[in-house]
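Peer 1: Chain by chain, the residues run as shown.
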Amino acid sequence: MKFTRRDFLKTALSGTIASVLPLGGLRILKPGEVRAEIEKTNVRWGFLVDTYKCVGCGFCVKACKLENEVPYDAPVTRTWIERYVILKDGRVFADTPMGGRDGFVSLKVRETEIKPADIAKAFFVPKLCNQCEKPPCVQVCPVGATYQRADGVVLVDRSWCIGCGYCIMACPYGVRFFHPVYRTAEKCTFCIHRLVKGMKTACVQACPFGARQVGNLKDLNDPITKVILNERVAVLKDEYGTKPQVYYLGLDKNVR
Amino acid sequence: MKTHVYRPLIVVLVIVGSILLARQFVVPPDFGVYERGFMYSYYRRSNEKEWEEFKVKYRTKQYCKDCHSDKYEPIVSSKHKVIQCENCHGPALEHPQDPPKLTVDKSRQLCLRCHAKLPYPTSLRGKLKGVEPAQHNPGMECSMCHNPHKPDMEGW
Numbered sequence: 001m002k003f004t005r006r007d008f009l010k011t012a013l014s015g016t017i018a019s020v021l022p023l024g025g026l027r028i029l030k031p032g033e034v035r036a037e038i039e040k041t042n043v044r045w046g047f048l049v050d051t052y053k054c055v056g057c058g059f060c061v062k063a064c065k066l067e068n069e070v071p072y073d074a075p076v077t078r079t080w081i082e083r084y085v086i087l088k089d090g091r092v093f094a095d096t097p098m099g100g101r102d103g104f105v106s107l108k109v110r111e112t113e114i115k116p117a118d119i120a121k122a123f124f125v126p127k128l129c130n131q132c133e134k135p136p137c138v139q140v141c142p143v144g145a146t147y148q149r150a151d152g153v154v155l156v157d158r159s160w161c162i163g164c165g166y167c168i169m170a171c172p173y174g175v176r177f178f179h180p181v182y183r184t185a186e187k188c189t190f191c192i193h194r195l196v197k198g199m200k201t202a203c204v205q206a207c208p209f210g211a212r213q214v215g216n217l218k219d220l221n222d223p224i225t226k227v228i229l230n231e232r233v234a235v236l237k238d239e240y241g242t243k244p245q246v247y248y249l250g251l252d253k254n255v256r
Numbered sequence: 001m002k003t004h005v006y007r008p009l010i011v012v013l014v015i016v017g018s019i020l021l022a023r024q025f026v027v028p029p030d031f032g033v034y035e036r037g038f039m040y041s042y043y044r045r046s047n048e049k050e051w052e053e054f055k056v057k058y059r060t061k062q063y064c065k066d067c068h069s070d071k072y073e074p075i076v077s078s079k080h081k082v083i084q085c086e087n088c089h090g091p092a093l094e095h096p097q098d099p100p101k102l103t104v105d106k107s108r109q110l111c112l113r114c115h116a117k118l119p120y121p122t123s124l125r126g127k128l129k130g131v132e133p134a135q136h137n138p139g140m141e142c143s144m145c146h147n148p149h150k151p152d153m154e155g156w
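These protein sequences, in sequence, are chains A and B. Taking the numbering used here, I'd label the letters of the first sequence as residues 1 to 256. Taking the numbering used here, I'd label the letters of the second sequence as residues 1 to 156.
Hints were generated in silico from the structure; no laboratory data involved. We treat Cβ as the ideally placed atom computed from N, Cα and C, and that holds for glycine. Mixed in with the good hints, there may be bad ones.
[As the list claims (entries may be wrong)] Pairs of lysine-lysine residues, derived as DSS-like cross-links and limited to a Cα-Cα distance of at most 25 Å, are as follows:
no. : chain 1 : residue 1 : chain 2 : residue 2
1   : B       : K106      : A       : K121
2   : A       : K200      : B       : K55
3   : A       : K108      : B       : K129
4   : B       : K129      : A       : K197
5   : B       : K81       : A       : K108
6   : A       : K115      : B       : K127
7   : B       : K65       : B       : K106
8   : B       : K117      : A       : K121
9   : A       : K121      : B       : K127
10  : B       : K71       : A       : K88
11  : A       : K197      : B       : K61
12  : A       : K200      : B       : K2
13  : B       : K57       : A       : K200
14  : A       : K108      : B       : K57
15  : A       : K197      : B       : K57
16  : B       : K81       : A       : K200
17  : A       : K200      : B       : K49
18  : A       : K88       : B       : K65
19  : B       : K49       : A       : K197
20  : B       : K55       : A       : K197
21  : B       : K49       : A       : K218
22  : B       : K61       : A       : K200
23  : A       : K200      : B       : K71
24  : A       : K115      : B       : K117
25  : A       : K115      : B       : K129
26  : B       : K49       : A       : K134
[Stated by the list, open to error] Rough simulated footprint, nothing fancy, chain A against chain B, three-plus residues with beta-carbon under 8 Å:
no. : region
27  : 27 to 35
28  : 40 to 47
29  : 52 to 66
30  : 70 to 84
31  : 110 to 116
[To be verified] Just a sample of chain B residues kept apart from chain A, beta carbon distances all over 10 Å, derived:
no. : residue
32  : Y6
33  : V16
34  : S18
35  : L20
36  : R23
37  : Q24
38  : E94
39  : P133
40  : C142
Kindly generate the complete structure, drawing on both the sequences and the hints.
Peer 2: Take a look at the structure:
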């Protein structure tokens, strides 16, 4: 048999292509995956909290409750502020009266009088839904009433929720609660109705000191993305593997 | 096949069939698996729209500034420029149509949210000007002496 130069080049070329071509390129996509590719979003909402800037005024909690029709005087809230007072002798005091809705006006923490001279560090930590990349609250829903949008926001379908409460138990951050009026699971929506209109969330808008900021984590020019990429930020309960997307500046080990 | 096997089999098939039929009516047509896969996005798609159409109540400073420029101008040149009008005046909603008048929170409690002195060293709160609420004219409204729109007490 004669093996010409042309044959050699042909065989070598086709062999190279065959070995380089990844098998993944021939994968059959599920309908959902195809849809996802077509409607691919370039938005991923994230949040940045600067605990140095928070003064505990509670305007964010007030604004959130009124904006999102969370019963004002019921002991439930989508976002809240925790106060941590750490004394020089190592004792830690923490409280969140009414979720910090009316601010913090006294040195007393849970009926304990604290002398200013004893304080080593004291600060406020605003909390809200972390809109986790791997939300355990969504995994446990038995009926598909809670879900994660393509832009990362986890929502609850009130007409589909059966009120079993699994998600409330599953959230490691204690963010979910029962809505006293709708009697379904309730959570922070990142004010998605405002974000889609180009506004900031109600809590971010109400914050006088810029302690709360919301932004698109897929946009590298977004001010909060820059901070998250370049500064030393932390997340809450990283060890749970939920990949929370609310980042904190100045977090302390006493904050849980 | 004997009837004692045949009959229950029909019953089972009818039950399964009717469940499948009922499912067609009960489950909304847009219920399914979307972008994040079965684990994270198995839901009714139209619910996203429902949340997006939720009513905006806090309209921000920009909504106030054109009609109330007499109040807006002094505040943006003062230290209180960081505070949204609606933080004290309440959500604007569809004002001036609905509600025609907003209820202002003039309470002492509102000012004390920031101005009750808390000497916290590692928080911005410690750097804010504050008073001891029990000693500084207790029981009086702050706005009797201080103008919240001109907090530096100029021309007051």
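Peer 1: Next, verify each hint and record whether it holds.
Peer 2: Do the hints match the structure? See the list:
Taking the CA atoms of B/K106 and A/K121, the gap is near 32 Å; set against the 25 Å cutoff, the hint is violated. For the hint linking A/K200 to B/K55, the alpha-carbon distance of about 14 Å falls within 25 Å, and the restraint holds. Distance check on the hinted pair: A/K108 and B/K129 sit about 19 Å apart at the alpha-carbon level, within 25 Å; holds. Of the supplied pair hints, the one linking B/K129 and A/K197 is violated, its CA atoms being roughly 36 Å apart against a limit of 25 Å.
For the given pair, B/K81 sits about 30 Å from A/K108 by alpha-carbon distance, which is inconsistent with the 25 Å threshold. For the given pair, A/K115 sits about 18 Å from B/K127 by alpha-carbon distance, which is consistent with the 25 Å threshold. Between the alpha carbons of B/K65 and B/K106 the distance comes to roughly 20 Å, so the proposed pair stays at or under 25 Å and holds. In summary, the hint linking B/K117 to A/K121 is supported, as the alpha carbons are separated by about 15 Å, within the 25 Å threshold.
A threshold of 25 Å between alpha carbons decides the hint, and for A/K121 with B/K127 the separation of about 14 Å falls inside it, so the pair holds. With a C-alpha separation of about 45 Å, the suggested pairing of B/K71 with A/K88 is violated against the 25 Å cut-off. For a cut-off of 25 Å, the pair hint linking A/K197 to B/K61 stands: about 16 Å separates their Cα positions. For the suggested pair A/K200 and B/K2, the alpha carbons sit about 71 Å apart, so the restraint of at most 25 Å is broken.
Taking the CA atoms of B/K57 and A/K200, the gap is near 12 Å; set against the 25 Å cutoff, the hint holds. At most 25 Å may separate the alpha-carbon atoms for a hinted pair to count; A/K108 and B/K57 exceed this at roughly 34 Å. Straight-line distance between C-alpha atoms of A/K197 and B/K57 comes to about 13 Å, which keeps the hinted pair within the 25 Å bound. With a C-alpha separation of about 18 Å, the suggested pair B/K81 and A/K200 falls inside the 25 Å cut-off, and the hint holds.
At most 25 Å may separate the alpha-carbon atoms for a hinted pair to count; A/K200 and B/K49 meet this at roughly 18 Å. The hinted pair formed by A/K88 and B/K65 fails the criterion: a straight-line CA distance of about 47 Å is larger than 25 Å. At most 25 Å may separate the alpha-carbon atoms for a hinted pair to count; B/K49 and A/K197 meet this at roughly 12 Å. A distance of roughly 11 Å separates the Cα atoms of B/K55 and A/K197; the hinted pair therefore holds under the 25 Å criterion.
With a CA separation close to 22 Å, the supplied pair B/K49 and A/K218 stays within the 25 Å bound. About 12 Å separates the Cα atoms of B/K61 and A/K200, which keeps this hinted pair within 25 Å; it holds. Proposed proximity of A/K200 and B/K71 is supported: the alpha carbons are some 23 Å apart, at most 25 Å. Between A/K115 and B/K117, the direct Cα distance comes to roughly 13 Å. Compliance with the 25 Å bound is thereby established for this hinted pair.
The straight-line distance between the Cα atoms of A/K115 and B/K129 is roughly 19 Å, inside the 25 Å bound, and the hint therefore holds. The hinted pair formed by B/K49 and A/K134 meets the criterion: a straight-line CA distance of about 23 Å does not exceed 25 Å. For the region 27 to 35 of chain B, the stated coverage by chain A holds: 5 residues have a C-beta nearer than 8 Å to a C-beta of that chain, and at least 3 were required. Against chain A, the region 40 to 47 of chain B contributes 6 residues with a C-beta closer than 8 Å to a partner C-beta. That satisfies the three-residue criterion, and the hint holds.
Requiring three or more residues with a Cβ within less than 8 Å of a Cβ of chain A, the coverage given for the region 52 to 66 of chain B holds, as 8 such residues are present. Coverage of the region 70 to 84 of chain B by chain A holds [criterion: at least 3 residues with CB-CB distance below 8 Å; count 3]. By the rule of at least three residues with a Cβ nearer than 8 Å to a Cβ of chain A, the coverage given for the region 110 to 116 of chain B holds, with 4 such residues. Against chain A, the non-interface label of B/Y6 holds: every CB pair exceeds 10 Å, the least being about 36 Å.
Every beta carbon of chain A lies more than 10 Å from that of B/V16, the smallest distance being close to 20 Å; the non-interface claim holds. Every C-beta of chain A lies more than 10 Å from that of B/S18, the closest at about 20 Å, which supports listing it as non-interface. At the 10 Å boundary, the C-beta of B/L20 stays outside the reach of chain A, the nearest C-beta of that chain being 18 Å off. A cut-off of 10 Å between C-beta atoms confirms that B/R23 is not in contact with chain A; the least separation is 13 Å.
No Cβ of chain A approaches the Cβ of B/Q24 within 10 Å, the least distance being about 17 Å, so the stated non-interface status holds. Chain A leaves B/E94 outside its interface by the beta-carbon criterion, the shortest separation being 14 Å against a cut-off of 10 Å. Against chain A, the non-interface label of B/P133 is violated: not every CB pair exceeds 10 Å, the least being about 6 Å. No Cβ of chain A comes within 10 Å of the Cβ of B/C142; the nearest lies about 13 Å off, and the non-interface call holds.
In summary, the structure is inconsistent with hints 1, 4, 5, 10, 12, 14, 18, 39 from the numbered list given earlier, while agreeing with the others.
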